[in-house]
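Engineer: Residues per chain, in single letters:
2 protein chains.
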Amino acid sequence: MGLLANGVLKADIKAAAKLMRYIEEEDTNAIDELKLLYANTGHSHVIGITGLPGSGKSTLIDVMIDYFRSSKKTVGIIAVDPSSPFTGGSFLGDRIRMQKHSFDEGVFIKSLPTKGWRGGISKVTSKMITVMDAMGKDIILVETAGVGQTEVDIKNLVHTTIVVLVGGLGDYIQIIKAGILEIADIFVINKADKNNTEDLESDLKNLFSLGTDSAKDGSENDKANAGSIKGRAGWKPSVYLTEAANNKGVDKLIEGIFAHENCLRLTGKFDGYFRSKSNSDMKEIISDYLSNLLFEKLENDSLYKKLLDDLIHNGSDPYTAAEKILSQFLNFKK
Amino acid sequence: MGLLANGVLKADIKAAAKLMRYIEEEDTNAIDELKLLYANTGHSHVIGITGLPGSGKSTLIDVMIDYFRSSKKTVGIIAVDPSSPFTGGSFLGDRIRMQKHSFDEGVFIKSLPTKGWRGGISKVTSKMITVMDAMGKDIILVETAGVGQTEVDIKNLVHTTIVVLVGGLGDYIQIIKAGILEIADIFVINKADKNNTEDLESDLKNLFSLGTDSAKDGSENDKANAGSIKGRAGWKPSVYLTEAANNKGVDKLIEGIFAHENCLRLTGKFDGYFRSKSNSDMKEIISDYLSNLLFEKLENDSLYKKLLDDLIHNGSDPYTAAEKILSQFLNFKK
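Line order of the protein sequences matches chains H and R. The first sequence lines up with residues 1 to 334 when you count with my numbering. The second sequence lines up with residues 1 to 334 when you count with my numbering.
One chain only, chain H, in its complex shape (with noise of 0.2 Å):
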């Protein structure tokens, strides 16, 4: 016990996928392993980029990834997106094209797949987070798809989250639908070149009431921005345009992004994120094992058993049957 997380704090890539691994089949010496590296956490910057299929996301992510690395901040990448190049979906050019990555080890890659974890991808994703934040990775990308329930469901995980639309009929409507309207801290209206963006960034900066002006004119822009952040509590979502197929705007953005973390770090957020994450993640721990517990007992218990028949022949129903078995398997404490 312990080998693995002593890697894992040299930023071992070995130790570090090994640990991952165990994660994901949850095996329970994960748990022995993330214990240890709890208290070496806290350091990165998390980033979550959310955008539909088609919305030229991982391209995006492939020059931030370059921009990042210039100033020699060490990258992982968290990709719970099915269509995402670095999960081995998307096109064959794309994933071609990530894998330059693959050769800079100051890049990690974590493909999740989407199915089948157990009360949900919010707390696999945490726990990668803390084994990456571990490593001391300075940023840690999570690339999510973009349909609503991820996202939302890992917010509380992220500093900034990032939400990439397209210009053109419906992005307006998906985006609402989506829900992810309220969890952005950035907007990127990236292939700016390939098609409308005016209708989009002004619906945007309606929804928002957005003084800045769209990052067509960056420096006006961090200005803007800069003002928003001194004279408001929180922060005002910019927006910016891009065309990451060609390197545009990206520089923008990226600077967009460092003042989001600034902003975070004046108020005090940053480190806020920290406690509600572990917050969430004592509270997620708390609740399987009770969960757990419970269901263990229920298995063979007859009282159960006689409670479901009931619901399916006699007309039942779940909430009254729950009810019965709370009453009869626990005693809280007063």
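Where hints are given, some of them may not hold.
[To be verified] Anything over 12 Å on all C-beta distances counts as not near chain H; from chain R, calculated:
(1) H101
(2) G167
(3) D251
[To be verified] On the chain R side, residues computed to face chain H include the following (Cβ under 8 Å):
(4) A30
(5) I31
(6) Y273
(7) M282
(8) I285
(9) I286
(10) S287
(11) F295
(12) L303
(13) K305
(14) L308
(15) D317
Just so you know, these hints were derived from the structure itself, not from any lab. Cβ coordinates follow ideal geometry from the N, Cα and C atoms, glycine included.
Dock chain R against chain H, hints included.
Structural biologist: Then chain R, alone, in the frame of chain H:
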């Protein structure tokens, strides 16, 4: 209490809509009404339909509804896909086309935002199914976005899972990664006129060692499936080629759906589904109740606060903290 439930049992649309709103808002009134509905559920054939954006899934559902209606079956639709025209997403033309069904009393459409459901989308979907089932809907279609987690979460809530794909590079990898392969009862390769379907078809066949021929020749497929139903305890996933936009192949797909329903009824699995749904409903309720009760206690608990502080400042970890909390707060009866 019970007014809404009475309305729902008479298939009253206003009562159903109001109860569904209560469910969405987690209004406690919903529970009292739901309790009264359970005894009248377990009759609908619940069908999950999933597919990535661009698979033509919504057009397919549109045509399927026509078929179900022409055989006098009533239909409920629960759309949990943010890009679905049923939820207001996708392109304007689609939305307008779908509205034709809104004048049909036999079709009830409920769209669910994919955001912010405590404990995931499956819990609220299960309740919506209960309401539509109690309304007496013959068929309940649950439309999801095809990215993995939601489909796996709700697999215990549906009798028949249909995965819609289109031919072309990348699909194969996407379905593998999304983890929806193993939950599919029926595969549809849509837009068969526009894309090369052969690779995808042969991939699917190889994966399942499907003995059946593709639905290009519907009669053979039916025969083969009938054989596989009789010959096996389980079900061999079938593959159908469709051009939903031109109403081609959907008739055979509908036959395939009924064949699967028959198989489930013959093997007792149709009712087994209701037992499994009831079981999972009961466990969800028990688990929620437990967690809420405990978290309420923890809210103002000084030990919890101290442990959280230790975690953040003194290098503790959430597992050790959780263990201390559990031993402090709980007494399970032996």
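Engineer: Check each numbered hint from earlier against the structure, then list the numbers of those it violates in ascending order.
Structural biologist: 4, 6, 12, 13
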